[in-house]
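There are 2 protein chains.
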Amino acid sequence: MSVLSPALSQTLRIRFGDRFSISQALREQHGRGESHHTPAIPDAVVFAESTEDVAEIVRLCAAEDVPVIAFGAGTSLEGHLTAVRGGVSIDLSRMSQIVRVSAEDLDCTVEAGVSREQLNTHLRDMGLFFPIDPGANASIGGMASTRASGTNAVRYGTMRENVLSLTVVLPSGQVIRTGGRARKSSAGYDLTRLFVGSEGTLGIITEVTLRLYGIPETISAALCSFESVEQAVNAAIAVVQLGIPVARMELMDRGLIAAVNAYSNLSLKIEDTLAFEFHGFPAGVQEQVEMVKAIVEENGGKDFEWANAPEERNRLWKARHNAFYAVVSQRPHAKGWSSDVCVPVSQLSSCILKTRDLLRGCSVPAAILGHVGDGNYHVVFAVDPGNQAELNEVAAINKKMVQHAISVGGTSTGEHGVGTGKIGYLRGEHGDAVDLMAVIKHAIDPTGIMNPGKVLPG
Amino acid sequence: MSVLSPALSQTLRIRFGDRFSISQALREQHGRGESHHTPAIPDAVVFAESTEDVAEIVRLCAAEDVPVIAFGAGTSLEGHLTAVRGGVSIDLSRMSQIVRVSAEDLDCTVEAGVSREQLNTHLRDMGLFFPIDPGANASIGGMASTRASGTNAVRYGTMRENVLSLTVVLPSGQVIRTGGRARKSSAGYDLTRLFVGSEGTLGIITEVTLRLYGIPETISAALCSFESVEQAVNAAIAVVQLGIPVARMELMDRGLIAAVNAYSNLSLKIEDTLAFEFHGFPAGVQEQVEMVKAIVEENGGKDFEWANAPEERNRLWKARHNAFYAVVSQRPHAKGWSSDVCVPVSQLSSCILKTRDLLRGCSVPAAILGHVGDGNYHVVFAVDPGNQAELNEVAAINKKMVQHAISVGGTSTGEHGVGTGKIGYLRGEHGDAVDLMAVIKHAIDPTGIMNPGKVLPG
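Going down the list, the sequences are from chains A and B. Sequential numbering from 1 applies to the first sequence in full-length UniProt numbering. Sequential numbering from 1 applies to the second sequence in full-length UniProt numbering.
Just so you know, these hints were derived from the structure itself, not from any lab. A portion of the hints provided could be inaccurate.
[Stated by the list, open to error] If you want the footprint, here are the derived chain A segments under chain B, 3+ residues with CB under 8 angstroms: (1) 16-22; (2) 138-149; (3) 196-202.
Even glycine gets a Cβ: it sits at the ideal position worked out from N, Cα and C.
Taking the hints into account, I'd like the entire structure generated from these sequences.
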């Protein structure tokens with residue numbers, strides 16, 4: 001039964017016309033992300049076209065204690081979009097204006113529905129790029145909400161480091177800006193960072209001001225294969241510890257390479273592989289490459305295979321980005337379950353080896369991949385969401401992997417967010433600090449209408 | 001009159017022995033920072049030696065609604081330490097243990113009272129360093145509390161980017177840890193960033209886990225003089241816009257150079273000057289130096305004067321660090337008033353020129369210096385705190401400078417914090433977002449005992 005009263009439905013319909021919908025197909029599409037989580041369908045979808053639209057929807061819903069869930073590109077992996085208490089899905093995908101770009105200040109302001117690829121296409125001719133790259137063509141608002149990162153984070157940081165300020169609609173419908181355009185500020189509480197990663201549970205992000213970077217003068221990419229995951233990870237750790245500023249350093253285990261070859265029609269060597277990218281000026285890049293080559297060699301790595309032409313590089317990274325889909329496509333009608341932990345780099349090798357042990361005998365296809373420069377890695381499973389035994393099996397593996405990561409000082413999620421999927425681990429990771437999170441949540445959203453059932457347990 | 005009841009005083013005295021003091025001299029020393037702000041003396045000082053000590057002091061004070069103010073090294077510039085409602089100053093300087101250092105993970109955990117120089121002395125033999133460098137030999141806890149940065153921020157970021165997690169005593173006396181040791185995490189609200197920059201108004205930071213860096217293989221430093229501030233700033237902006245990863249890029253105007261020569265017994269050319277430092281591997285550093293030289297030349301800069309021997313470099317940066325004291329010492333019995341704004345780099349040149357116009361005819365010594373790579377600059381005035389006309393004159397200049405910075409998208413404080421000194425600008429900068437800050441403050445510290453009268457207006 002809908003939690004929207006007939007009166008509220010009517011008000012929204014009058015105000016938003018055919019941008020308000022209760023179509024079953026549309027609601028189903030808005031109650032799920034890209035992963036295995038059981039969908040939970042909102043009672044209605046409204047397409048917002050401005051911050052004012054969002055503020056008005058929130059105000060109307062708040063008056064009746066109706067939940068609101070922000071929807072961007074729908075690429076969530078941890079159940080962020082499920083309407084577990086019903087309510088209204090606010091679709092921000094039409095808020096796709098790039099409001100301004102400053103090449104001088106290396107920053108821009110975009111509406112929350114702008115996608116990562118749209119932004120980078122727009123920036124390319126200006127010689128600029130936005131490096132945060134979670135793989136999926138996510139919306140910038142969604143990336144801010146989940147504190148996303150991805151392949152370039154080892155060099156450029158995550159959304160935490162690259163969002164300068166936000167426009168946010170609060171649960172009351174009030175609109176605030178969380179900061180200005182200065183590169184740094186000590187003026188008051190860091191509201192920007194409070195909303196980055198809050199997954200729509202404190203407010204809805206409608207505009208984002210981002211740091212940008214010049215496209216590097218020199219970009220080199222290379223693949224290097226190893227006889228074991230351990231060798232590959234040890235090479236990666238040595239690169240980090242020496243402080244070599246690689247731009248990307250990605251682990252793909254041999255299972256993943258096989259899946260990627262099949263999915264993306266490539267013929268990469270089926271071995272445990274590190275993919276590197278180097279950004280900078282010519283001499284500096286050359287120096288980095290030589291140092292990394294020496295480290296790779298010391299750790300048993302084979303020759304670099306270069307992918308320096310832009311189209312080769314794009315092909316390589318596109319294949320890497322499609323890793324999730326490559327694993328899932330190994331099995332008809334499967335859904336992906338992508339777990340995500342991040343540990344101190346000194347623990348990375350032993351954690352990944354423990355994870356491989358856990359995967360031995362796993363009854364569903366699974367592969368390990370990781371942004372190993374940050375200590376962040378994922379296991380992607382291809383699961384049948386209708387098969388409870390299988391889900392239980394993967395859940396048990398996931399649990400062991402996450403608990404081990406937390407036990408060595410790591411986190412239950414490096415970049416996918418908590419959503420519903422990691423909610424059970426929050427207290428184990430943060431202890432009593434979870435109570436403080438709940439105090440903040442209650443102070444900002446006392447009636448609990450903002451994306452209920454996400455992030456905070458209980 | 002003391003806000004401490006005789007019973008509370010007695011309880012603290014019994015519990016802490018001679019670590020509890022009501023000596024006038026000690027209280028006076030704890031009611032002020034290093035700048036011109038009128039001191040406000042706490043009713044007592046307690047020297048904490050552990051997180052548990054801090055928790056116990058806070059619990060005892062909370063029971064009687066007595067304010068608590070954390071004190072580290074006493075180097076605050078914006079009145080953070082003034083006991084405007086009386087209460088207890090909790091001195092953390094004896095919490096000076098370096099708890100652990102991991103060379104493998106490039107991180108460490110220190111007690112809040114550890115000083116920046118103490119930490120770097122400890123790290124040097126391990127080939128590591130902590131780059132955040134506000135000039136003063138501040139405590140790490142104080143640096144976290146004010147979101148400090150300084151000369152290296154253009155390359156390494158600020159405390160915002162370099163604190164991995166915190167141990168915090170909440171107003172209830174409860175102790176939390178805000179995160180683990182993973183380089184990145186999407187697991188819940190970013191409590192670390194909420195406490196970084198909260199100036200002791202939400203809780204007291206007792207331990208800090210920090211990112212560390214390897215001491216660069218190659219370090220080069222150079223000075224370059226210009227005929228005008230405008231030329232120097234334009235050169236700095238060009239370096240930023242080209243993405244050259246300089247480690248330091250500091251502006252010192254000719255007035256400052258004269259003061260620094262006198263104070264530090266140097267003979268630098270009395271011209272508007274940029275000081276550079278380059279960090280990295282040999283070829284990359286050489287490449288950076290050549291690019292920066294070309295930019296400097298295009299902008300009318302003169303030859304680089306190198307300071308490559310470690311002792312020369314240390315002398316240069318020590319002189320830069322003493323800039324505040326150098327300006328103040330130009331006038332007997334003066335106090336320093338150091339204002340601090342940060343603007344988008346495209347606005348930096350016009351902001352600094354406007355500031356120079358404001359300083360024309362100013363009746364007290366004043367100099368401009370800045371971390372210009374971040375768009376951050378300071379004016380240091382040497383004022384007589386007993387001369388109200390003079391204070392009014394400087395306040396008027398400061399107000400115009402800050403309001404202009406805010407009007408171009410900048411901030412009222414890049415790194416010194418709000419304290420009492422910038423409190424009047426917070427609403428002008430953040431608008432209604434200040435109300436949200438107040439909601440958070442009230443939720444976490446409902447009785448307002450944590451460093452009252454700081455950060456939030458009214």
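Going through the hints against the structure:
By the rule of at least three residues with a Cβ nearer than 8 angstroms to a Cβ of chain B, the coverage given for the segment 16-22 of chain A is violated, with 0 such residues. Only when three residues or more bring their CB closer than 8 angstroms to a CB of chain B does the claim for the segment 138-149 of chain A stand; here the count is 4, and the claim holds. Residues of the segment 196-202 of chain A with a Cβ under 8 angstroms from some Cβ of chain B number 4, which satisfies the need for three, so the listed coverage holds.
In the structure shown, a violation is registered for the earlier hint numbered 1 alone.
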